[in-house]
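Using the sequences and the hints, build the whole thing.
First to last, the protein sequences are chains A and B.
The first sequence begins at 1181 in the working numbering and counts up by one.
The second sequence begins at 1246 in the working numbering and counts up by one.
No incorrect hints appear here.
Only pairs whose alpha carbons sit at most 30 Å apart, straight line, appear in this in silico BS3-like list of lysine-lysine:
| id | chain 1 | residue 1 | chain 2 | residue 2 |
| --- | --- | --- | --- | --- |
| 1 | B | K1298 | A | K1239 |
| 2 | A | K1829 | A | K1483 |
| 3 | A | K1220 | B | K1435 |
| 4 | A | K1236 | A | K1266 |
| 5 | B | K1454 | A | K1220 |
| 6 | B | K1654 | A | K1266 |
| 7 | A | K1421 | A | K1386 |
| 8 | A | K1239 | B | K1558 |
| 9 | B | K1442 | A | K1266 |
| 10 | A | K1219 | B | K1442 |
| 11 | A | K1220 | A | K1266 |
| 12 | A | K1236 | B | K1298 |
| 13 | A | K1763 | A | K1799 |
| 14 | A | K1220 | B | K1442 |
| 15 | A | K1421 | A | K1799 |
| 16 | B | K1454 | A | K1639 |
| 17 | A | K1236 | B | K1442 |
| 18 | A | K1219 | B | K1435 |
| 19 | B | K1558 | A | K1236 |
| 20 | B | K1654 | A | K1309 |
| 21 | B | K1654 | A | K1236 |
| 22 | A | K1219 | B | K1454 |
| 23 | A | K1593 | B | K1454 |
| 24 | A | K1239 | B | K1454 |
| 25 | B | K1442 | A | K1239 |
| 26 | A | K1856 | A | K1620 |
| 27 | A | K1309 | B | K1667 |
| 28 | B | K1442 | A | K1253 |
| 29 | B | K1435 | A | K1593 |
| 30 | A | K1239 | B | K1654 |
| 31 | B | K1435 | A | K1239 |
| 32 | B | K1442 | A | K1593 |
| 33 | A | K1761 | A | K1418 |
| 34 | A | K1483 | A | K1461 |
No lab work stands behind these hints, which were simulated from the structure alone.
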Amino acid sequence: MATLNIEIDGRALQVESGDTIMDAANQAGITIPHFCYHKKLSIAANCRMCLVQVEKAPKPLPACATPVTDGMKVYTRSEYAINAQKSVMEFLLINHPLDCPICDQGGECTLQDLAVGYGGSSSRYQEIKRVVRDKNLGPLIATDMTRCIHCSRCVRFGQEIAGVMELGMPGRGEHTEVMPFLESQVASELSGNVIDLCPVGALTSKPFRYTARSWELSRRPSISPHDSLGSNLEVHVKDNKVMRVLPRENEDVNECWLADRDRFSYEGLNTAERLTQPMVKYNGQWMETTWQAALEFVADKLKTIPAEQIGALSTPYRPAEELFLLQKLMRGMGSGNVDHRLRQSDFSLDDKAHGGFWLGMPVTYMSRLNRMLVVGANLRKDHPLMAHRIRESVRWYGELNLINAHEDEFLGKVHAKRIVAPSQLASTLAGVCRALAELKALPVPDIAAHGVADDTARKMADSLSGGETRAVFLGNMAQHHPSYSQIHALAQEVSRLAGASFGVLGEAANSVGAVAVGAIPGCGALGQPALKGLNAQQMLAQPLRAYLLLSVEAELDTHDPVAAIASINAAEFVVMMSPYKGKSLDYADVLLPIAPWTETSGTFVNTEGRVQSFSAVVKPLGETRPAWKVLRVLGNLLGLAGFEHNDSKEVLRDALGDTPLGSVQAFLDNEVSGVKVEPPSPGEGLERVAEVPIYQTDAVVRRSPSLQMTLDASLPVARMNSRLIAKLGLQENGRVSVRQTASALTLKVQRDDFLPDNCVRVPSGHPLTAGLGPMFGPITAEPV
Amino acid sequence: MSLLKPTPQVCSWTQALDHSASLATYVANGGYQALRRVVTEQVSGDAIIAELKTSALRGRGGAGFPTGLKWSFMPRAFPGDKYIVCNSDEGEPGTFKDRDILRHNPHQLIEGMAIAGYVLGARVGYNYIHGEIFEIYDIFERALKEAREAGYLGDNLFGTDFCFQLHAHHGYGAYICGEETALLESIEGKKGQPRFKPPFPASFGLYGKPTTINNTETLASVPWIVQHGGQAFLELGKPNNGGPKLFSVSGHVNKPGNYEVPLGTPFAELLELAGGVRNGHKLKAVIPGGSSAPVLPAEVMMDCTMDFDCIAKAGSMLGSGAVIVMDETVCMVRALERLSYFYFEESCGQCTPCREGTGWMYRVIHRIEHGQGRPEDMELLNSVAGRIGGHTICALGDAAAMPVQSFLKHFGREFEYHIEQKRCMV
Ligand SMILES: Cc1cc2nc3c(=O)[nH]c(=O)nc-3n(C[C@H](O)[C@H](O)[C@H](O)COP(=O)(O)O)c2cc1C
Ligand code: SF4
Ligand code: SF4
Ligand code: FES
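Dropping the structure here:
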């Protein structure tokens, strides 16, 4: 790119050719007023607020859309430019309500701010003002459409970032209105970003609406505790209460976006279900007690039970410090029974892995991949912003290939896809592996010997052998799969043959961190040798005498909730550390209120191995304590060595050393060796396909009222293709009785012709389906 | 009148013939020979563009941009898809010439587009036809069918490797879809609203590919120029204003209609052709180039010749060649109210000054017309128009501002009278 010499407001600047005047001004720190321009969206040049004077141009030009030329002289503050800008401001205000005091955007409104500089003190417009009917955009976004200034940012966001044009601008001239298609709700999992994008009060946050003014809020940095991206947050706090959550810009992680889950989950922090006092069950009655008494009770009880009869389970949504102390506590007591992989069912890679599994590349690379194969992932719902990055790759002519057991719209172009029953996932991958080997005239790897290179497999192989940047990714479904080890090994072979990077899309906020701090059996922090023990599945398949649960809601968080609940119920002593009471009131013996991520400091390690520490943004509610402190005191009470940490930073240093980032990066490795692959046995009967719904992933999200009103949180149904509906004699939208290991459950039948034959898709992780059984495997379905 | 011998009629010569729109009529009078010659003799595109430049053919769609120059902007050697698009959207109040070409002489347009395709390297063309002229759309579709069947459109024309497909596209009647980039958006199936330029269609046009867009009359003139040479065309008009032009004369004349006369013809002669001002009345004002052009008072107009340069010098625009004649019975406030309502209704609403300003101007003029004018209104109107003009994405903003400014300039007295007396001066 050539460098051009230009001048803005008398300042000589050197800029790249292809830049606009706005780009050049931004680089030089010169502010040009604007509404429609946004650095992540296409240029619309419709608001005209950025008009500037350009020497020799016959009229003022929009800075956002005018490319610089060599020798260009720009004046952004000349009388001529200011006149143009003031003209536009006058037009923007004539139909805009002048009642900022009752507008929710007041105090953080671009129009209000700029009107101070460019607006007149009184209006020359004496005619009737426009009134626009408000729209129903669902539970998350409130509208005040009369305030809309038609900048089209929200519309472009849908088209260009969310991948779905849920908002459009029908109508012409003054009658132009932003609206959803036929009053349907806005259902994108990224929808909340339009609230940030809207420069005025037309689109605001429904949950936050009218609860606080922007100047009353203190803004505190944090990290999102949900998906494995670790979006950077700015938490807004008033009177020790989280009032809302906004994105904190980080180009390397979430850019300037947030998924709705990260943005609205905070509502789950302040529910009545919060546990605020330690409680002990005494003669079948719950009694509130003090921390001292509760912890002494726990320590005394644990001392009476053989260590190998105690199991410690955590969700992967807890900070690394807590997971580290949990495993340290267990190992201190002499047990290796510790795990966080609650939804995993195949653990045979545990002795075949060389390090922690991770994305295999920086997150930013996902936006510029030429060729991709994604196996067993519900990209949009499990990884909303990584899906956006992959869409970006696709928009840059990248080819996305998918192998999955169900098809949910990706909202971008898919090059080739194979939707197969879960039992066929591994062999399908073996087919691609074989096709690639044949294409490259290399020996077919042993583990792919049974693979069949059909047309789709060859199309994928072709695709994967082209381009310059290639990647193979495994999603959550692959990791939950009963043949995960085979899928992992095959994907590794595919990536090796294709010369592609290989990555595992982390399931949860701290999936990578949990492994790095040793919260799995047989592997201590950073892979140091450690006591072997039972994995999550083994701990829950047979009852142990005692369980230590770190925010585990067993009926929702586990691969097989029926087995999990049975084991926990049968245990003699169950300690639940959680911010919530929940169902554990039924099965726990001690309830210890621990802090959600907003009330404790801690660290999440995201899927690319980025170590992100955060501080508490509010004080703990009631008697709530950070879990790392609780575990430290428990360690002391049990008389264990090495529990002397004064703060969470010391815990992190204990776990990951002085340079956590470097140590974690060095520990990460997706390589596995020695996996045997067996050809699948031909399936009989029906198979269950299960995913965890986007707003059921963890305890906080489950309790966020607004997210629970979205379409994504609709009640579970049994989905199957029309052939199966006919074969079973069912009716679409009728009812079906499904059954796995335990009791039968009646669900609504929903036709989904993207599903493979003989598969019944019923979500897991939902209270309604908790009584079913494992996420995969045989299921029966019959008319009610 | 035949296409073969130079006559002042370039586009409207078939009108007097039976079956004016049919392929047989067109071919019997020498039609498609220009296309056949350039394709079979492989005449170079440069040569044709040179002829267009010589001819001083200026765009008939409104801006009067030299067509040869426009064609030379096209990256003809660009290897990918390229398009030629004809603008038959004709929605400007007062303009009704292109529909007559489509009705009576569709094959000359088809031939012109095929030649354009040949020169510009476009294998596909579109003709975007205004949404409210259904029978004419059907006539054009019939002509396309005839041309395809006779081998004037399609693959390997005249046995060469030149291929050209032409499609008609039905608009829905929005005036803004006549703006060339809004038209492209509309063909692409999107909301018809103008794009910001640059990039210009020649580099980023239909579906993002290099595209040339011309008006119906412009493209229909091309076969004649190829056949008879640029010089002959130039000589039909006057320097820098080649050829004859269709003028749609409407308003208070005895014989409203389309008149194809040489550029440079005195306005007085055109008025006479149209039967003169209706009986017993006096000429008051003329809008010489469609509703977007500034109005001119009678005395100025009577001194003008009908060509781009003379009308521009008089302070208006030849535009699309729609001549709206008003006699002394016209209330200029009422006339402007109607005009400003049009722009208020037809603004696409994309950019702030036009979306907000057109409604503002209309409401103020409406008030004045209805006896509720205020002393400050004239200054306000002038100021609002000035704040729209030059500040918008497309020229509709300017088009909305210019009538207001020119009416106030030339007929300000009538507005003052309305405001003071709360009634019409006429
Ligand atoms: C609001 C607006 C409406 C227009 N409508 C038409 C139209 O109906 N027909 C037309 O040929 N050009 C119309 N134009 C001009 C076109 O944008 C374009 O300049 C023209 O089609 C170019 O063709 P030409 O070079 O052959 O004149 C319009 C322009 C504007 C700004
Ligand atoms: S709703 Fe907001 S973001 Fe959308 S167009 Fe209107 S002002 Fe812009
Ligand atoms: S000037 Fe008017 S018609 Fe043209 S783009 Fe702007 S709003 Fe649309
Ligand atoms: S910011 Fe440039 S026109 Fe809106």
